[in-house]
Each structure stands twice: as C-alpha cells, then as structure tokens.
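To convert, note that position 406 of the sequence shown is 406 in the UniProt record's numbering; the numbers rise steadily by one, no gaps.
Among the hints, erroneous ones may be present.
Label-pair restraints from in silico Cβ distances [what the hints assert, rightly or not]:
id : residue 1 : residue 2 : range
1  : G625      : R401      : 11 to 21 Å
2  : E685      : R545      : 56 to 66 Å
3  : P633      : T31       : 28 to 38 Å
For lysine to aspartate or glutamate, the following EDC-like pairs were computed, each having C-alpha atoms within a straight-line distance of at most 20 Å [stated by the list, open to error]:
id : residue 1 : residue 2
4  : K426      : E740
5  : K366      : D310
6  : K426      : E446
7  : K426      : D437
8  : K56       : E22
9  : K366      : E216
10 : K366      : E309
11 : K366      : D318
12 : K56       : D524
13 : K575      : D525
14 : K575      : D550
15 : K366      : E307
16 : K575      : E586
17 : K575      : E446
18 : K366      : D616
Quick caveat, the hints were computed from the structure, so don't treat them as lab data. All C-beta atoms in this analysis are idealised placements derived from N, C-alpha and C, irrespective of residue type, glycine included.
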Amino acid sequence: MVRKAPREDVTEDGLEVGPPKEWAAGIPGVTRSLLTSYAQMGAGRTFLTLARVNQKDGFDCPGCAWPEGGHRSPAEFCENGAKAVAEEATTRRVTRDFFAAHSVGDLARHTDYWLGQQGRLTEPMYKPEGADHYEPITWERAFDVVAGELRALGGPDEAVFYTSGRTSNEAAFVYQLLVRRFGTNNLPDCSNMCHESSGSALTQTLGIGKGTVSLEDLHRADLVFVVGQNPGTNHPRMLSALERAKRNGARIVAVNPLPEAGLLRFKNPQRPSGLAGRGTTLADRFLQIRLNGDLALFKALSRLLLEAEDAAPGTVVDHDFVQEHTHGFEEWAADTRALDWADVEEATGLGRAAVEETARDVLGAKSVIVCWAMGLTQHRNSVATIREVVNFLLLRGNVGRPGAGVCPVRGHSNVQGDRTMGIYEKPSAAFLDALRDEFGFEPPREHGLDTVEAIRALRSGEAKVFFAMGGNFVAATPDTEVTEAALRRARLTVQVSTKLNRSHAVCGERALILPTLGRTERDDDRFVTVEDSMGMVHASWGRLRPASPDLLPEVAIVCGLARELFGDDPHVPWKEFEADYDAIRERIARVVPGFGDFNTRVRAPGGFALPNAPRDERRFPTATGRAVFTVNPLEVLRVPEGRLLLQTVRSHDQYNTTIYGLDDRYRGVSGGRRVVFVNPDDLAERGLADGETVDLVSEWPDGERRAERFRVIAYPTARGCCAAYFPETNVLVPLDSVAETSNTPTSKSVVVRLVRPV
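The task is simple: from the sequences and hints, build the whole structure.
Here you go:
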C-alpha cells in the first residue's frame, strides 16, 4: 500500500533558488516586517498594532513564547512576530458569501497558504450532514448542535477536546473545567507533538516538566548550547538574548544538521552595528551533527568530563552537588565510561577531535545552559536524549544556580501556560483533587487520549466528536491521509478559529466553524494572561476593534457551550466566568500552585514568575526527592543503503502550520515550498542533480508513504541527512512511529529514498 499527500498544488512554477544566507535579520528583516504588515493591515493599523506588541500595557505576540525582559524596546517584536500580528490583524474578511461560493470540496483543493490569505472569519458557520457548503448559523443554534451531539454520545470518552498553544490561561482553565465536568480527560494538545518529550524527560529527572532558567540566566551564562533549534526563524528574539550573552563573555555552541543563518551571524536591527555593520558572530563552534546523534554527543562529552576528573580529582565533577542533590550517579558513570567511541563517531558524524574541543569549552565554563527545540524532541529516543542532556548538566552542578540549567524553547505563545492550567490528558491526582475541592464535583480519574491516540480513536470510530480550541489539527499531525480519513469519520467536528485553514475543509458528517477574537483585539475592558517559556505570567490587552461584531472571545465560547450543556450548573458559575475574568483567576489561584493572589500580582508591570523548585531552591520533586541520573543506552540509528535520514523543518515564511508566504530567505528559496535539501555528495552518490524533481518515499511495515514532486536543492546539510518543510512531508510519518514514553511523532528522523517521478 502506498499513501500519498493530498494533491493540492504540487506545481510551483515560480520557485527560484539562490545561495543560503550567512547572517540573519538586519535591514531585510525590518523591510519584510513592514511590507507584510502594510499589505495585510495598512499603514495606520500597522503603527497602532506593532507599537503594542509585547509591551507591558499591550498584547502578547500571538507567535512564539520567548520571554521579554524588564527593559523593553519600543519595537519589541521580530520579523515573524510582525507576520503573526499582520495575519491576525488583517483587514481581509471571510464572509458568508465566500462560503456560498466555495464548497468544502473546493476548499480542500487549495493550499493552507491560499486559505490563510483569505482573511479573518466573521460569523459562525455550519455544514449540515450531507451538505458540501458551510452556511451561517447563530451562536445559540451552534451551541445547541454541539451540546446535543455530546449528550447523544454513549459516554464522555467518545469526545476529543484538542487545544492549540495560543489559548489564554483563562480560556484554557475554563476549557479543561468544561471537559472534566463533562466527564473525560481527553484533552490532547499541540504539546503532544512538539515538547512532550521535554516534559517527560524533565519530570523524570528534575521533577518538573519545564525549563529551569530565566532570561537573566541566559545573559549570565559562560557557555550556551543551542541544540536542534533554528532561532533565526522560529524565535528570532532569542538572537538578541544570545547577542547579549556574547557581549557578557559567553561562548555559544550550535549543534544542528543544518547551518542556520541566525546562529552564524546576527545583525540586530535595533543596533547601529546590526543595520550598517557586520553584526555579531554568535556561534563560536558549529557542530554539524548527524540527525539523531545528540544522545551520543552528550554522552561522549560526559565521558570526557569524567576522564578529566580522573586526571585531576576534585576539579571537574561537582561532588558536593552530586552527593547532596542527585541519585543514580554511580550506575550512570559506569555506563558512560563504557561508551564506544566508534559508535559515537558513527552516530554523530563528528570526529573525536571536535567532541574533545567542545569538552574543553565545557571545562572552561562555570555556568552552562543547554537550549533545545524540536530537533531533539521528535525522535524515537527523544526522551532518552533529553535525559542525557540533564546528566551532562548535573555532573558539574549546572542546575539550580545562576547562569545554568535546562532551557527547552517552547514555540507557541501560551503552550506552556495551557499545560499549567490543566490542558493535559494525564492530570496529576493533586490537580484533580484541587478541582474537586474547589468546585464540588468529582472529575474523571482515568487518563485520556493524547493526540496520536485521539487520531486512532477517531479512525476506529471509538471517538465521534472532535472539538478543537484553535490550531490546524490536520496540518499539525502526522500520517496525513490517515488523519484526514479519521476526522471525516466523526459525527461532528468543531473548530474554534480566527482564520481559515485546512482543518475546516477536512471535517466530519457535520461541522462547525466558531470564529473567535484574536490576541490583538479588544475584549471589552478585560485582559487575559499568558505564561512564557521561562515561567513568567503576564497580562495581555488586545487593542484593535474586533474583525466582526459576531466574534466571541474563547472564554465566552466555552462558557456559552457549558451553559447549554449543563443548564443551571450547581458547581460552576459559567455565566459569572464569562462576564468577569477576575472571577476565573480567583479560582485558578486556589487550584493551580504558584498562582496565589493572582489578580493582584498579574497587574504589576511585567507580571510575576512562577515558582520553580529546581531553579529557586535546588529542590527536586522527584520520587527520590533528588535529581536523577539516568542510564540511556546508545543505539546508533543506521540507515539502509541508498536511503537518507529526513527531518521536517519550517521555512522562514512560516510559523508552525501558518504559512505567511512562499519564501525561505535564509535558505535561499523563493516562490515555493516543495523542496528537499540534500548534501551535494549524497546527490552525486545517487546520480541526482541539483534542481531535479523527485518523490520522497518512506518505507514502513504497513507500506510506503510518498510525498510527490519535490525539487532537489544541493545544500550543506550533514552527510546522510536531508530536510524538507512540513506540513507537506507529514504524510511520510506514520501514526505509529512515535517517541518512547512521550508518544510524540518522529518527524525528525524519517528514513527516505529519493526517486524520480514515474
């Protein structure tokens, strides 16, 4: 059996390829930000909106979750942040006339880029059973449709409630409350597909599923590893923090199969040297690692540190920290000493000399931070890899002191806050107890479905209703054909959205589109709150007039559905919550640890930091009460002859599944997305030429999967590795190919062959 990606638009006649850039931002970043903003919003709206992004009295950027410092620039945003704001604050509108002119089948034939460019949704739309067009529906009738379908289920677990990372803390809290009041923990979210491996590994080893560093720590570090991450595209404001760390004397090691322009040189557009000069060289060392080689690298670095300790006892290992605060050191050290260097070199593609030179960087640093993103989290052994990163840091006491720690760099704006608020299919008993004690009902205790499990349940018919609070589920998930077929089996699919995306065209027998306010828009006189990737909670005030008078805020959508579903609920004051977000925050303060006096503290400029036991107290809430050294065997990922190891990546004109344009400026691509980056030597071995068209084929026990008609680009990738954009290549990742423990799809290590189209 061969599975293929949907044939939306596989011809890209405007595609052009030039040399990749060796630096990021500068004047081109400013120019592109303004041009995109003017095109979507106009000059006046651009000035009003961008001046408020990430300001203490403004709104949180709807893009990434990178934190803001105490002192903020008047332009506290990056190029992709400006694009995210422009997409949301666009003056383009999707009305009922649009849906009358475009059937669901027609929408399914268009690309996500085309769908997104149509503009903001303006009123609730409903596709009845048997129909191929959405039609207008009132909010009251929409809530009745959803509540009726939920009440008709055989049990609460036949419904799935998905969440994207942009939902505010207040909306996330009432959403999970509705779901658990209904009687299920089926709360999959986008974390399942990105940083679930980070949360799993950090909970096991440090007792908390979050990072342990603050922005100030990053500024104070002596050595910063940036691993499996492209901050120049995915969180560009991080480059400013790295630049400041460099000015303070830090060294930076970039670990990546691809050379990323932002890590090579950064021309900060807010500094004269960034506009007119060469900018700042960020990476002191670039380790061009083979895909899936990171576990081997950190294991090897730790072995070299142990050997340095043997040569000069008491000078390398932080024995006081290890003895007082950790568990399992001896077993881990014995395993690490037995590491085979031949396996390390094969796994990493790096020579021993490069690893030894990096170890010398570590020995010269008092405080070390390791940052990472999805380059580490989407492999079969991702949890083991991140545990090995923790081992490496624990060895020298680089957790719980200034300038040191773990730094998983989350992508979406409030993805970490949503999890804090209870958006999780495996809630702790303590959280459920707190809900019970606060609201007086017994929440369900059985664990729910994560994202992959939810798709399986929809495919089998065990789940019959799918409700998505934001996001683009179809484009974000693996095994495209399987996922689409699963959603189409549902009796009802519901999408709470600001703009059109592919998930609106891949729907159940009945479907609803519920349009909501964006982060940039006024919600009467109310504000919401978000948590950034370093645990800071702050307010966000929308300033723009809503795109349509028929939009509802997410909180009102949840509470309106709850009132229809539960009637006069004796346990939860849904009507009060809808009107008064302070009332929600009062309940959060009593349920969620760290949020005491929430309403007062969040009104302070800049908000407040959540407690972080490893960082604040060097306390580790694990089963042993100590940080845990873990043994993680090295299994070298060996690729069959003639195959390559593929990683999915984002373009520079993309944020998660939102496609802003068809260019990838830093990689030299313009006018298209169906490209595959391959090392020139690997092309020569396969008899392929730069510029040829190929199909990407992955091979699995249940058959092949094929993504058609990609242009080959000779590119300086690591040997044996290649890269292509998602969601176009999601079809190549089977639903059942997931990381151990976290169940995250393995989108960063897909074995493929390149074949000429028939």
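Each hint, compared with the structure:
no. : hint                      : result
1   : G625 <-> R401: 11 to 21 Å : holds (19 Å)
2   : E685 <-> R545: 56 to 66 Å : holds (58 Å)
3   : P633 <-> T31: 28 to 38 Å  : violated (50 Å)
4   : K426 <-> E740             : holds (16 Å)
5   : K366 <-> D310             : holds (19 Å)
6   : K426 <-> E446             : holds (8 Å)
7   : K426 <-> D437             : holds (19 Å)
8   : K56 <-> E22               : violated (34 Å)
9   : K366 <-> E216             : holds (16 Å)
10  : K366 <-> E309             : holds (15 Å)
11  : K366 <-> D318             : holds (11 Å)
12  : K56 <-> D524              : holds (18 Å)
13  : K575 <-> D525             : holds (17 Å)
14  : K575 <-> D550             : holds (19 Å)
15  : K366 <-> E307             : holds (18 Å)
16  : K575 <-> E586             : holds (15 Å)
17  : K575 <-> E446             : violated (29 Å)
18  : K366 <-> D616             : holds (18 Å)
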